[in-house]
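Engineer: Once you have looked at the hints, place chain D on chain E.
2 protein chains.
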Amino acid sequence: MAKAQAKALYDFESGGPGELSFNADDILTILRQDVGAGWWEAINNRGETGLVPQSYFDVISYKEPTMPPPLPPANTKPTWGGVATKPNRPITSQHSLHPPQQQQIQQQSQINNAQDDYDDDWDDDDDSSTTTEQEQNSVETNGTRGVRNSDDKGKPSVKVSAFSRFSSFVKSGGEAYLFENQKELSESEKMFAVIETMDGPAWQSLDVPYSCSITSPKKESKFHGIKTFIAYQLTPSFSNIQVSRRYKHFDWLQQRLVVKFSTIPIPPLPEKQISGRFEEDFVTQRLRQLQMWIDRMCQHPVIAKSEVFLHFLTCTDEKKWKIGKRQAEKDDLCGAMFFRAVKVPQFPSLDSKQADMSIEKFGKFVKSLDDSLRHLTAISESNVKKHIGPFKKEFQKLGGSFTALAKSFEYDERPASLGLTKAIEHTGRTYDEIGELFAKQPQNDMLYLLEGLHSYKGLLSTVPDTLMIHKSAQTKIQDQSSKLTSAELQKVQNRADVISYAILADVEHLQRYRVHDFANYMRAYLGGQIEFYKQITQKLEESLKQYPNDT
Amino acid sequence: MAKAQAKALYDFESGGPGELSFNADDILTILRQDVGAGWWEAINNRGETGLVPQSYFDVISYKEPTMPPPLPPANTKPTWGGVATKPNRPITSQHSLHPPQQQQIQQQSQINNAQDDYDDDWDDDDDSSTTTEQEQNSVETNGTRGVRNSDDKGKPSVKVSAFSRFSSFVKSGGEAYLFENQKELSESEKMFAVIETMDGPAWQSLDVPYSCSITSPKKESKFHGIKTFIAYQLTPSFSNIQVSRRYKHFDWLQQRLVVKFSTIPIPPLPEKQISGRFEEDFVTQRLRQLQMWIDRMCQHPVIAKSEVFLHFLTCTDEKKWKIGKRQAEKDDLCGAMFFRAVKVPQFPSLDSKQADMSIEKFGKFVKSLDDSLRHLTAISESNVKKHIGPFKKEFQKLGGSFTALAKSFEYDERPASLGLTKAIEHTGRTYDEIGELFAKQPQNDMLYLLEGLHSYKGLLSTVPDTLMIHKSAQTKIQDQSSKLTSAELQKVQNRADVISYAILADVEHLQRYRVHDFANYMRAYLGGQIEFYKQITQKLEESLKQYPNDT
Numbered sequence: 001m002a003k004a005q006a007k008a009l010y011d012f013e014s015g016g017p018g019e020l021s022f023n024a025d026d027i028l029t030i031l032r033q034d035v036g037a038g039w040w041e042a043i044n045n046r047g048e049t050g051l052v053p054q055s056y057f058d059v060i061s062y063k064e065p066t067m068p069p070p071l072p073p074a075n076t077k078p079t080w081g082g083v084a085t086k087p088n089r090p091i092t093s094q095h096s097l098h099p100p101q102q103q104q105i106q107q108q109s110q111i112n113n114a115q116d117d118y119d120d121d122w123d124d125d126d127d128s129s130t131t132t133e134q135e136q137n138s139v140e141t142n143g144t145r146g147v148r149n150s151d152d153k154g155k156p157s158v159k160v161s162a163f164s165r166f167s168s169f170v171k172s173g174g175e176a177y178l179f180e181n182q183k184e185l186s187e188s189e190k191m192f193a194v195i196e197t198m199d200g201p202a203w204q205s206l207d208v209p210y211s212c213s214i215t216s217p218k219k220e221s222k223f224h225g226i227k228t229f230i231a232y233q234l235t236p237s238f239s240n241i242q243v244s245r246r247y248k249h250f251d252w253l254q255q256r257l258v259v260k261f262s263t264i265p266i267p268p269l270p271e272k273q274i275s276g277r278f279e280e281d282f283v284t285q286r287l288r289q290l291q292m293w294i295d296r297m298c299q300h301p302v303i304a305k306s307e308v309f310l311h312f313l314t315c316t317d318e319k320k321w322k323i324g325k326r327q328a329e330k331d332d333l334c335g336a337m338f339f340r341a342v343k344v345p346q347f348p349s350l351d352s353k354q355a356d357m358s359i360e361k362f363g364k365f366v367k368s369l370d371d372s373l374r375h376l377t378a379i380s381e382s383n384v385k386k387h388i389g390p391f392k393k394e395f396q397k398l399g400g401s402f403t404a405l406a407k408s409f410e411y412d413e414r415p416a417s418l419g420l421t422k423a424i425e426h427t428g429r430t431y432d433e434i435g436e437l438f439a440k441q442p443q444n445d446m447l448y449l450l451e452g453l454h455s456y457k458g459l460l461s462t463v464p465d466t467l468m469i470h471k472s473a474q475t476k477i478q479d480q481s482s483k484l485t486s487a488e489l490q491k492v493q494n495r496a497d498v499i500s501y502a503i504l505a506d507v508e509h510l511q512r513y514r515v516h517d518f519a520n521y522m523r524a525y526l527g528g529q530i531e532f533y534k535q536i537t538q539k540l541e542e543s544l545k546q547y548p549n550d551t
Numbered sequence: 001m002a003k004a005q006a007k008a009l010y011d012f013e014s015g016g017p018g019e020l021s022f023n024a025d026d027i028l029t030i031l032r033q034d035v036g037a038g039w040w041e042a043i044n045n046r047g048e049t050g051l052v053p054q055s056y057f058d059v060i061s062y063k064e065p066t067m068p069p070p071l072p073p074a075n076t077k078p079t080w081g082g083v084a085t086k087p088n089r090p091i092t093s094q095h096s097l098h099p100p101q102q103q104q105i106q107q108q109s110q111i112n113n114a115q116d117d118y119d120d121d122w123d124d125d126d127d128s129s130t131t132t133e134q135e136q137n138s139v140e141t142n143g144t145r146g147v148r149n150s151d152d153k154g155k156p157s158v159k160v161s162a163f164s165r166f167s168s169f170v171k172s173g174g175e176a177y178l179f180e181n182q183k184e185l186s187e188s189e190k191m192f193a194v195i196e197t198m199d200g201p202a203w204q205s206l207d208v209p210y211s212c213s214i215t216s217p218k219k220e221s222k223f224h225g226i227k228t229f230i231a232y233q234l235t236p237s238f239s240n241i242q243v244s245r246r247y248k249h250f251d252w253l254q255q256r257l258v259v260k261f262s263t264i265p266i267p268p269l270p271e272k273q274i275s276g277r278f279e280e281d282f283v284t285q286r287l288r289q290l291q292m293w294i295d296r297m298c299q300h301p302v303i304a305k306s307e308v309f310l311h312f313l314t315c316t317d318e319k320k321w322k323i324g325k326r327q328a329e330k331d332d333l334c335g336a337m338f339f340r341a342v343k344v345p346q347f348p349s350l351d352s353k354q355a356d357m358s359i360e361k362f363g364k365f366v367k368s369l370d371d372s373l374r375h376l377t378a379i380s381e382s383n384v385k386k387h388i389g390p391f392k393k394e395f396q397k398l399g400g401s402f403t404a405l406a407k408s409f410e411y412d413e414r415p416a417s418l419g420l421t422k423a424i425e426h427t428g429r430t431y432d433e434i435g436e437l438f439a440k441q442p443q444n445d446m447l448y449l450l451e452g453l454h455s456y457k458g459l460l461s462t463v464p465d466t467l468m469i470h471k472s473a474q475t476k477i478q479d480q481s482s483k484l485t486s487a488e489l490q491k492v493q494n495r496a497d498v499i500s501y502a503i504l505a506d507v508e509h510l511q512r513y514r515v516h517d518f519a520n521y522m523r524a525y526l527g528g529q530i531e532f533y534k535q536i537t538q539k540l541e542e543s544l545k546q547y548p549n550d551t
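Here the protein sequences line up with chains E and D, keeping their order.
Quick note: the first sequence uses full-length UniProt numbering, first residue 1, plus one each step.
Quick note: the second sequence uses full-length UniProt numbering, first residue 1, plus one each step.
Just chain E, with the same shape it has in the complex:
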């Protein structure tokens, strides 16, 4: 019996070994339909086999791609290369919209496409390696992190995942930090202070908070035009001195921050994309997203005063840049050891129970928020599509039939009739224009809301791991407590408290800015909506005025 053929309705990107990536419209041959849990085994026309989500396919007929259905539960069969868990995937990456109207949304969804090429490869003015031995070790162990060196240049790379980050914390000396007595850093070396506030522990804010604007993305080239890239101009408010940075520099910075601050959620950068990387819309959007990212970094009192971040924001000299870069890569107050540089309140001492409860509750909050954001994102994207498609069409159809009515009325050429005919013609045009307004509106409100939601989804994806660090420390101490004297235990507990303090401070920071950010997103969205409906009202009022009164 011939195997069934199936047509992919949406893009799908493999979430781990055993799964098979494909694009919408690909035809795959289904090898087994009895894999279970919503998965099939399939083979593509390059002979690659793997698991694919059944609901992404249409075996019989072609359907108009809409929102993809929810993914089936992750496959856990050991026969499939031991896929254990699969990272939650943001819904944006699961479907493709169609150009040209939806170009911007498409770019939005490409943000999540980890298969994207580099728009800006590492080139030979860089150091030979961008990873420390420590990280290499971590990479080799968990095997999911793509490292960019000459060997895998151009191959798909996977961003540092939440799991490898936790793993990195462990490898970077989690146990050593808790149980070995290192030399206490001096007060001046303890650069990062947690203080008690009305809202609980919080990072001490900067004496002079600052911001950094990113402007003028410029297409530049090297090697007589063979290599082109975008250079962004960054101007920190404290110096007002412009520095030029490329995407690869942001990328390097992001990785350093992840390595150094294991409990601070560092959101991923906006993703690279394969083609059209110099199209104006894309560059503008990338700029906006990088600005969002850098804003978030500047807002964080720990990051904002860290050497590596300041080096990124201020260094204008190429030689000094390389020196600072190497220095940052050799920083030994990274990962677990970062906590040595954290100063915490002595009085009152941490209420560990309370802290555990707060952290646990925050975990639930993040889970719930993650779900809400996914839901809101899906609905918002569908809403964008409705505006571009059916809403536009509906109003234009109405406009068209008013226009046809006016056309019929043209048979009556008496002067007394002309005023009405022209007015109805105007109404026809008005509804046509209202249709256009509907199609364009998402660019004025919903797409910004979506960018905000997307940036929060990136941020939240890194949170569960920071919470795992807390939990893991608590477990380790329980395991070891019987072997320790009470004096030793107290010391260990104090160090664990530093981790809790850091996490609580990060929770406080995230919640504060979350309120700030979402209030801004919502205000901007509602503002755009109000403007939109006012515009429609005005257009209709204008059309109403066309009707002769004396009839």
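If you're looking for bench data, these hints aren't it; they were derived computationally from the structure.
Since the structure is predicted, the reported quantities are computational estimates derived from the model, not experimental observations.
Listed below are the simulated DSSO-like cross-link pairs for lysine-lysine, each with C-alpha atoms no more than 27 Å apart in a straight line: (1) E/K440 with D/K385; (2) E/K545 with E/K440; (3) E/K367 with D/K407; (4) D/K397 with E/K397; (5) D/K364 with D/K353; (6) E/K545 with D/K440; (7) D/K397 with E/K393.
Structural biologist: Showing chain D alone in chain E's frame:
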């Protein structure tokens, strides 16, 4: 081989012999698919066979019913009971909407359902017959007019069709009027004058135009409650004396006007309906439609001064009512003979060529307008459905996901967070309410526009026949001209001119009020739309205010 089964996607009501009525979701067996022109032969589960429009079916799978596709061209195969032509059917009657939200629209579409029962049967206080011998004759000949007497009481009745009306004109003495020398009526008996105006021939307007308001539809009963009916109170502005009329009285009047004035488009009454005839919404709508109808009658200077109409508006005494009724039914200045009572301008005499061209152009106008109205009606009804269905759903889905976001935010109980949470909750409710507004809006604008369109479709449906009277008179004269002396021919032509004058005056009247009516419809529609978008804007502004500013 088994015959194919097909599922009906929409309601379809047989438009003539040979066609088979069915409802959406009915399963029919297709007997022949090679009938051609978009028609199939089918059999239903009651064993009835007939032609059905192919595009109304889905043979393989069930589709969500949307707007039905255009009907295939009318079947003209002689094998099918000699179906020659099929009256254009208003699109309203071709599809069914679903209760309960769409009740009003449903009532709207029931207007076209000629199979409706009487909500108000003729009862024994009526005369035994409501038709004159002359009409009976006409009915027997063309066989399409249902006459309400004791024999066919309760059977489906077909309203006087345009064709039978023309036929009625011919039977009522079209040739006699043209070719026989009747005694000229006195000046005072020539009640209806056509005058020359800037816009061409027009009916002389009333010295004192008047209106008539219909109010207080009351449920009344007879025979100790066995028979119930609605009594409408009519108050003409010239007398201010209220008279009580039932639907059957309107129906009688409408028929008398059709018989008497063969060139004046008399729109059909709003149709009766089978069930729920005392539901408040329906009664209100019926009242509004009757008011529209009576307004149109009062506006027409010929009808407004006719005895039969004035009798209807003023008679309060039951005995006098019956006498007036009988007198109207015996009126011999009906149909073709009505023209004897029409006074036309002597100087300048009618430019026959010009008149023919004007009338021909008007025919084209009516054809074009009829198409536009059908199109606009279909689009408007679909627009209503969009508002009630997908639009409402879309906004409520968005509201729901904002509400879910607020729910997640409730995990953060810090006072600094609560303001935002409550604001987003408010936005969630706001979009939910906006969804409701969308669903309710058609009742505030589109349904009134639809009523207007519907009433014009009724009016226009009677026009082609009045034009046929003109054409037929011209043809007759040409046929006979060789047999007539030039003096005789001049007399005949003068009489034909009276018909042309009457038609031109009716064209003028229709065009004048068409401009008036459509300006009103459009103003009301746009006004409703403006109010609607203002309401949305206000709701969004209210929600925007909820967002704390100090974040």
